Amino acid sequence: ALKALEKEPRLRYQTVAALAEDVDRFLTNRPILARRASTFYRLRKLLVRRKFAAIFLVAVVALLFGGSAWVREMERKVQTSTQLTADLQDLRIATACFSLAKQAEELGRFAKAEQYYRDALATFRALERDAYTARAELALGMLLLNRGDPADFDEVERRLQAAAALYRTTPNVTTELRE
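So our numbering is basically just the index in the sequence shown, starting at one, shifted up by 190.
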């Protein structure tokens, strides 16, 4: 509208038809020719003219971003679940190994029992299951003590101290062992 009021004739609309065309462009939400249109202005006019397409485009983009975030979250949950399943399986195997060690000890097969206790202990430590680790440390320490080899004394002492420390610092030891 300011173009129509310019003082210099060369800056005004040259014809009434040019003014009418700009008014028509304004009323139909198209960029007017009276001034240079910025990209933002043209985009705004386009979005107003094509409301449905703009809403659809925004919805599609939102679904893509939201969908990809959901997929990433599901992948993370599957990975966590897979790891927990593997850890549970390892815990079951280590617990069975611990039971085998006790049976081997009862049968007087001390070397075999020692190996089973060490295997179970390594797994319990890797899984960070302190109550199980404490129990295995104690059992291995007692096995070495009962074997009576003076060369084992330092290890027996370390094992029993480690077991005692874990029993003191692990809350609900009996709860964890029942799991």
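These aren't lab readings, by the way, just hints derived from the structure by calculation. Any given hint might turn out to be false.
[Claimed, not checked] Pairs of lysine to aspartate or glutamate, DMTMM-like flavour, derived with a Cα cap of 25 Å:
hint : residue 1 : residue 2
1    : K292      : E211
2    : K292      : D309
3    : K302      : E263
4    : K292      : D342
5    : K292      : E318
6    : K292      : D280
7    : K292      : E265
8    : K292      : D212
9    : K241      : E263
10   : K241      : E211
11   : K241      : E265
12   : K292      : D214
13   : K235      : E211
[What the hints assert, rightly or not] Listed next, with one range per pair, are the computed distances between beta-carbon atoms:
hint : residue 1 : residue 2 : range
14   : S258      : L201      : 21 to 31 Å
15   : A276      : Q305      : 22 to 32 Å
16   : V268      : A244      : 35 to 45 Å
17   : Q305      : A252      : 53 to 63 Å
18   : S228      : V248      : 31 to 41 Å
19   : V261      : L201      : 48 to 58 Å
Treat the numbers as computed from the prediction; the structure is a model and nothing was measured. Where a beta carbon is used, it is the ideal one built from N, C-alpha and C, also for glycine.
**OP:** Any hints from earlier that this structure breaks? Give me their numbers in increasing order, please.
**Re:** 1, 3, 7, 8, 9, 11, 12, 14 and 18
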